[in-house]
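Asker: Quick note, the sequences are listed as chains W and C, same order.
If you're matching positions, the first sequence starts at 1 in this note's numbering and goes up one per residue.
If you're matching positions, the second sequence starts at 1001 in this note's numbering and goes up one per residue.
Everything labelled a hint here was simulated from the structure, so no lab data went into it.
Since this is a predicted model, take the numbers as computed values, not measurements.
Check before you lean on any hint, since a few could be wrong.
[What the hints assert, rightly or not] Below, a list of computed lysine-lysine pairs in the BS3-like style, where the Cα atoms sit at most 27 angstroms apart:
#, chain 1, residue 1, chain 2, residue 2
1, C, Lys1051, W, Lys65
2, C, Lys1075, W, Lys104
3, W, Lys65, W, Lys51
4, W, Lys65, W, Lys103
5, C, Lys1104, W, Lys104
6, W, Lys103, W, Lys47
7, C, Lys1065, W, Lys51
8, W, Lys75, C, Lys1075
9, W, Lys104, W, Lys47
10, W, Lys51, C, Lys1047
11, C, Lys1047, C, Lys1065
12, C, Lys1047, W, Lys75
13, C, Lys1051, W, Lys75
14, C, Lys1065, C, Lys1075
15, W, Lys47, C, Lys1047
16, W, Lys75, C, Lys1103
17, C, Lys1075, W, Lys47
18, W, Lys75, C, Lys1065
19, C, Lys1051, W, Lys51
20, C, Lys1047, W, Lys65
21, W, Lys75, C, Lys1104
22, C, Lys1051, W, Lys47
23, C, Lys1103, W, Lys65
24, C, Lys1065, W, Lys47
25, W, Lys51, C, Lys1075
26, W, Lys103, C, Lys1104
27, W, Lys104, C, Lys1047
Number of protein chains: 2
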Amino acid sequence: MSEGTEYENERREDSNTIFVGSRPFMNYVTGVVMQFTTQGATEVCVKARGKFISRAVDIAEVTCKRFLEGQIEVKNIRINSEEFTNNENRLVRVSTIEVFLGKKSQ
Amino acid sequence: MSEGTEYENERREDSNTIFVGSRPFMNYVTGVVMQFTTQGATEVCVKARGKFISRAVDIAEVTCKRFLEGQIEVKNIRINSEEFTNNENRLVRVSTIEVFLGKKSQ
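Given these sequences and hints, build the entire structure.
Answerer: Structure follows, in structure tokens:
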């Protein structure tokens, strides 16, 4: 458990993560593009939970295929699920996705 | 175009693909479980487009973590996008996901 947490902290420092929610679609795309261009990131993680997973995939695809075409690519994709107790005291499972984008090797 | 079609046919023969849509959630989970158990498949691909991508991830997670826990795992995940002209004659892009599940190596 503690190893998992340490790993999470490590990842968060290493990489630039964009959490996808209900803000306008282009906000996230611009966020990813900026990380690579003005922030000089070599890897950006697009992360989402539940119904926002489809959006995270759209954001990754539009960034790779349109805005930074030929420059970045999908390096890795991980899916997982988190369990938590909701406010009706029921155990609920929600899926997550992490799409790792990185500079294309020349 | 014909190459694409041949590739599709090839894939369909090679692997057991479940296309996720709007049918009840458990239909798809049962479909995947049956492929592994009664059909003896070693790999099953869960595929979806657009808003159904989140569902495909849920189905993969529930199958791996609950119904066939310890027996199958996520082997690979691919995302892509398809472009097509909709009935208003506009070019539309839709994202796709393929989650490849396989028997866990002992």
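Asker: State for each hint whether it applies.
Answerer: Checked hints:
1. As the CA atoms of lysine 1051 of chain C and lysine 65 of chain W are separated by approximately 19 angstroms, the hinted pair is consistent with the 27 angstroms bound.
2. At roughly 23 angstroms between alpha-carbon atoms, lysine 1075 of chain C and lysine 104 of chain W fall within 27 angstroms of each other, so this suggested pair holds.
3. Proximity of lysine 65 of chain W to lysine 51 of chain W is assessed by CA-CA distance (about 23 angstroms); at most 27 angstroms being required, the pair is judged to hold.
4. Proximity of lysine 65 of chain W to lysine 103 of chain W is assessed by CA-CA distance (about 13 angstroms); at most 27 angstroms being required, the pair is judged to hold.
5. Restraint check: the Cα-Cα separation between lysine 1104 of chain C and lysine 104 of chain W comes to about 31 angstroms, which exceeds 27 angstroms; the hinted pair is violated.
6. The straight-line distance between the Cα atoms of lysine 103 of chain W and lysine 47 of chain W is roughly 18 angstroms, inside the 27 angstroms bound, and the hint therefore holds.
7. Annotation: proposed proximity of lysine 1065 of chain C to lysine 51 of chain W holds, straight-line Cα distance about 19 angstroms (limit 27 angstroms).
8. Only pairs whose Cα atoms come within 27 angstroms are accepted, and lysine 75 of chain W paired with lysine 1075 of chain C is accepted, the gap being roughly 15 angstroms.
9. The suggested pairing of lysine 104 of chain W with lysine 47 of chain W holds, with an alpha-carbon distance near 20 angstroms, which does not exceed 27 angstroms.
10. Restraint check for lysine 51 of chain W and lysine 1047 of chain C: the C-alpha separation of about 16 angstroms stays at or below 27 angstroms, so the hint holds.
11. Restraint check for lysine 1047 of chain C and lysine 1065 of chain C: the C-alpha separation of about 18 angstroms stays at or below 27 angstroms, so the hint holds.
12. Of the supplied pair hints, the one linking lysine 1047 of chain C and lysine 75 of chain W holds, its CA atoms being roughly 20 angstroms apart against a limit of 27 angstroms.
13. In summary, the hint linking lysine 1051 of chain C to lysine 75 of chain W is supported, as the alpha carbons are separated by about 23 angstroms, within the 27 angstroms threshold.
14. For the suggested pair lysine 1065 of chain C and lysine 1075 of chain C, the alpha carbons sit about 14 angstroms apart, so the restraint of at most 27 angstroms is met.
15. Annotation: proposed proximity of lysine 47 of chain W to lysine 1047 of chain C holds, straight-line Cα distance about 20 angstroms (limit 27 angstroms).
16. Between lysine 75 of chain W and lysine 1103 of chain C the CA atoms are separated by roughly 24 angstroms; this keeps the pair inside 27 angstroms, and the hint holds.
17. Under the criterion of a C-alpha separation no larger than 27 angstroms, the hint pairing lysine 1075 of chain C with lysine 47 of chain W is consistent with the structure, at around 20 angstroms.
18. For a cut-off of 27 angstroms, the pair hint linking lysine 75 of chain W to lysine 1065 of chain C stands: about 25 angstroms separates their Cα positions.
19. Distance hint between lysine 1051 of chain C and lysine 51 of chain W is fulfilled; the C-alpha atoms sit about 8 angstroms from each other, no more than 27 angstroms.
20. Annotation: proposed proximity of lysine 1047 of chain C to lysine 65 of chain W holds, straight-line Cα distance about 20 angstroms (limit 27 angstroms).
21. The suggested pairing of lysine 75 of chain W with lysine 1104 of chain C holds, with an alpha-carbon distance near 23 angstroms, which does not exceed 27 angstroms.
22. A threshold of 27 angstroms between alpha carbons decides the hint, and for lysine 1051 of chain C with lysine 47 of chain W the separation of about 16 angstroms falls inside it, so the pair holds.
23. With a C-alpha separation of about 33 angstroms, the suggested pair lysine 1103 of chain C and lysine 65 of chain W falls outside the 27 angstroms cut-off, and the hint is violated.
24. Of the supplied pair hints, the one linking lysine 1065 of chain C and lysine 47 of chain W holds, its CA atoms being roughly 20 angstroms apart against a limit of 27 angstroms.
25. The straight-line distance between the Cα atoms of lysine 51 of chain W and lysine 1075 of chain C is roughly 23 angstroms, inside the 27 angstroms bound, and the hint therefore holds.
26. Restraint check for lysine 103 of chain W and lysine 1104 of chain C: the C-alpha separation of about 32 angstroms exceeds 27 angstroms, so the hint is violated.
27. Distance restraint check for lysine 104 of chain W and lysine 1047 of chain C: the Cα-Cα separation of roughly 26 angstroms lies within the 27 angstroms cut-off, and the hinted pair is therefore satisfied.
Violated hints for the displayed structure, listed by number in ascending order: 5, 23, 26.
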